[in-house]
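There are 2 protein chains.
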Amino acid sequence: MSQKNSADLTQLRDQIDAIDTKIQSLIAERAGIAGLVAASKRHNKSAVYYRPERESQVLRAVKARNQGPLSDEVLVRLFREIMSACLAQQKPLKIAFLGPEGTFSEMATYRYFGHSVQAMPESSIDQVFTEVEAGVADFGVVPVENSTEGAVNNTLDMFMSSPLKICGEIDLPIHHYLMSKQQRLDDIKIIYSHRQTLAQCRGWLKSNAPDIETVAVSSNAEAARRAAYSEHAAAIAGQTTAALYGLHILHQQIEDQADNATRFLIIGNQLLAASGDDKTSLMIAAKDEPGLLYHILRPMNEQGVTMTRIESRPSKRKRWDYVFFIDMIGHVDDKPIAATLREIQRFTQQVKVLGSYPKSV
Amino acid sequence: MSQKNSADLTQLRDQIDAIDTKIQSLIAERAGIAGLVAASKRHNKSAVYYRPERESQVLRAVKARNQGPLSDEVLVRLFREIMSACLAQQKPLKIAFLGPEGTFSEMATYRYFGHSVQAMPESSIDQVFTEVEAGVADFGVVPVENSTEGAVNNTLDMFMSSPLKICGEIDLPIHHYLMSKQQRLDDIKIIYSHRQTLAQCRGWLKSNAPDIETVAVSSNAEAARRAAYSEHAAAIAGQTTAALYGLHILHQQIEDQADNATRFLIIGNQLLAASGDDKTSLMIAAKDEPGLLYHILRPMNEQGVTMTRIESRPSKRKRWDYVFFIDMIGHVDDKPIAATLREIQRFTQQVKVLGSYPKSV
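Residue numbers (UniProt numbering), protein chains in the order written: chain A, 1 to 361; chain B, 1 to 361.
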């Protein structure tokens with residue numbers, strides 16, 4: 001490197017050092033003010049230090065201001081960490097998550113709350129709810145929907161009896177891995193996986209393994225189990241599954257589209273105030289009568305409310321037949337949604353607002 | 001909350017928003033300059049975008065400047081993420097890590113490099129070395145020492161034949177968990193674990209399980225396996241072990257001291273320039289002759305070089321008997337270390353500098 005270029009580099013690095021000094025002093029100032037906010041809340045006996053709706057507003061402002069060169073996603077992550085650090089000065093938030101499965105729910109926890117929290121692994125979804133209900137944890141993180149496998153049943157069931165509210169949502173991308181006892185694709189004669197996983201990797205399979213037989217099985221874990229017990233088989237499954245069954249990962253991220261995701265809900269004790277861009281989740285219990293679904297959907301349509309998801313499940317209670325879980329755009333304090341709820345209530349046994357919460361940023 | 005206090009809160013939040021705007025604009029400016037640095041390097045055909053020694057200097061400056069209220073640790077983490085994001089603009093670093101074990105090596109990877117990297121899980125330590133040697137990965141992350149279990153053998157063996165250099169180190173705290181098929185401590189009659197793990201949890205066991213028998217077994221994994229096959233047994237092991245053996249976690253972080261750690265090395269193709277606060281790792285091959293160890297240690301003592309670790313292992317090659325791994329304080333370009341090396345070389349078959357790298361910040 002020439003002397004001139006080396007001098008240029010030194011100058012650029014000095015500029016970076018000067019910027020870092022400013023950033024650091026601003027972060028310290030921010031932490032100081034966050035301390036005053038907490039003190040003011042303490043003074044007013046408000047126990048709510050962490051407000052998801054306020055955090056969403058801050059992150060949306062970050063996105064709106066962004067003119068590059070960094071991506072929105074990267075900046076949102078940096079600001080989550082800064083907020084997480086400022087908040088943790090008082091007392092780190094305690095977050096219960098589904099522990100035994102390990103990596104995945106924990107990853108959702110840190111993505112949503114930043115790394116300055118105390119993450120508490122729990123042995124079941126029930127236990128996550130219990131710890132939050134008991135106040136041992138401030139919030140919980142539970143999986144609720146997988147774009148491959150559909151609704152995670154246990155979580156929805158919990159809402160039938162729990163008083164907890166949904167306070168947020170986060171989608172985590174899921175990647176597929178080809179794994180086997182063998183080390184080389186050439187030694188594979190058969191590939192097991194769940195039907196939907198196979199479908200999601202169709203392009204990769206066609207290009208890279210056109211002559212290998214594919215067999216759909218009940219789950220990706222079952223596929224890995226079969227691969228672990230046969231000599232020339234491979235499975236397509238998640239990364240942690242390979243570790244559980246002692247398989248080698250032959251190829252990573254072989255899904256054709258990058259939008260495969262699991263949705264997690266943040267659960268807590270508060271019904272949140274509006275953040276300006278919210279979703280509302282309802283649970284509706286009803287008897288099986290003619291026109292039931294029509295009575296539920298008509299008011300939404302009339303009020304111009306957008307539904308993003310509907311899921312019907314058989315009720316576990318005797319008094320009614322069906323339970324519907326519905327997500328819609330807007331906050332429960334918004335007039336169209338309030339009107340929709342009143343109308344739905346006329347035709348159903350029970351309408352429960354599971355939460356109004358900021359759309360994932 | 002009174003109107004006045006609510007107004008105060010609004011004012012504090014406006015201040016935070018103003019600070020966030022400034023932080024964001026500085027981060028963007030920093031990213032812009034980092035882009036110029038990369039362009040300058042590209043212009044000079046220098047392939048080395050990432051310089052661990054420069055990053056260590058930045059992080060040390062962050063610690064030196066810190067006057068609170070946030071901790072050094074939190075600020076170092078925030079700045080790692082900011083640097084990671086700025087660097088990834090050009091091309092995210094590819095980092096190979098020991099994949100099958102999952103969580104733990106991956107955690108070390110993200111702690112060291114921030115989250116703006118492409119982490120590549122590998123099936124073995126050998127494979128991590130291979131991918132870095134082949135240039136498929138820019139750096140690798142391998143475990144090298146566990147304060148409970150001593151040296152991780154395979155990693156040290158790899159250095160005997162690999163041309164790779166050590167470019168950094170990171171210690172990751174390790175926590176112990178009490179796990180069982182049972183849900184309550186009252187139902188436990190026996191607790192299995194590795195001898196050293198039991199020793200590290202002695203205080204907790206004395207206070208919380210004074211009447212339960214403890215049995216030392218060969219490893220924490222073996223303890224978990226036994227707990228998985230008996231009705232009234234528990235194991236003390238790491239969190240991921242519970243998932244592998246389907247055990248409930250009864251109590252978390254039951255270690256008496258918080259300094260239990262695994263050390264990871266960052267491996268790469270470069271011998272780094274001095275950062276101002278470095279360590280040097282040597283591998284010394286020698287025949288078993290009288291006074292061998294004296295000949296190795298005397299020059300260090302005479303030159304005032306501080307040794308932080310020595311580990312002797314039987315050599316796998318016929319030509320000599322022992323291989324020593326030695327860590328010392330300083331950079332290989334420092335005069336006392338250079339003189340030490342020359343002196344040691346007079347009495348041994350081979351002295352290999354595994355790397356000079358910044359001490360972990």
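Hints in this document: simulated from the structure, not taken from any laboratory.
Because the structure is a prediction, the values reported are computed rather than measured.
One or more hints might be untrue.
Below, in silico cross-link-like pairs of lysine to aspartate or glutamate (EDC-like), each with a Cα-Cα straight-line distance of 20 angstroms or less [as the list claims (entries may be wrong)]:
| hint | chain 1 | residue 1 | chain 2 | residue 2 |
| --- | --- | --- | --- | --- |
| 1 | A | K63 | B | E29 |
| 2 | A | K181 | A | D157 |
| 3 | B | K189 | B | D211 |
| 4 | A | K22 | B | D211 |
A quick look at each hint next to the structure:
{"no.": "1", "hint": "A:K63 x B:E29", "verdict": "holds, 16 angstroms"}
{"no.": "2", "hint": "A:K181 x A:D157", "verdict": "violated, 38 angstroms"}
{"no.": "3", "hint": "B:K189 x B:D211", "verdict": "holds, 8 angstroms"}
{"no.": "4", "hint": "A:K22 x B:D211", "verdict": "violated, 57 angstroms"}
Hints 2 and 4 from the list above are not met by this structure, while the remaining hints are.
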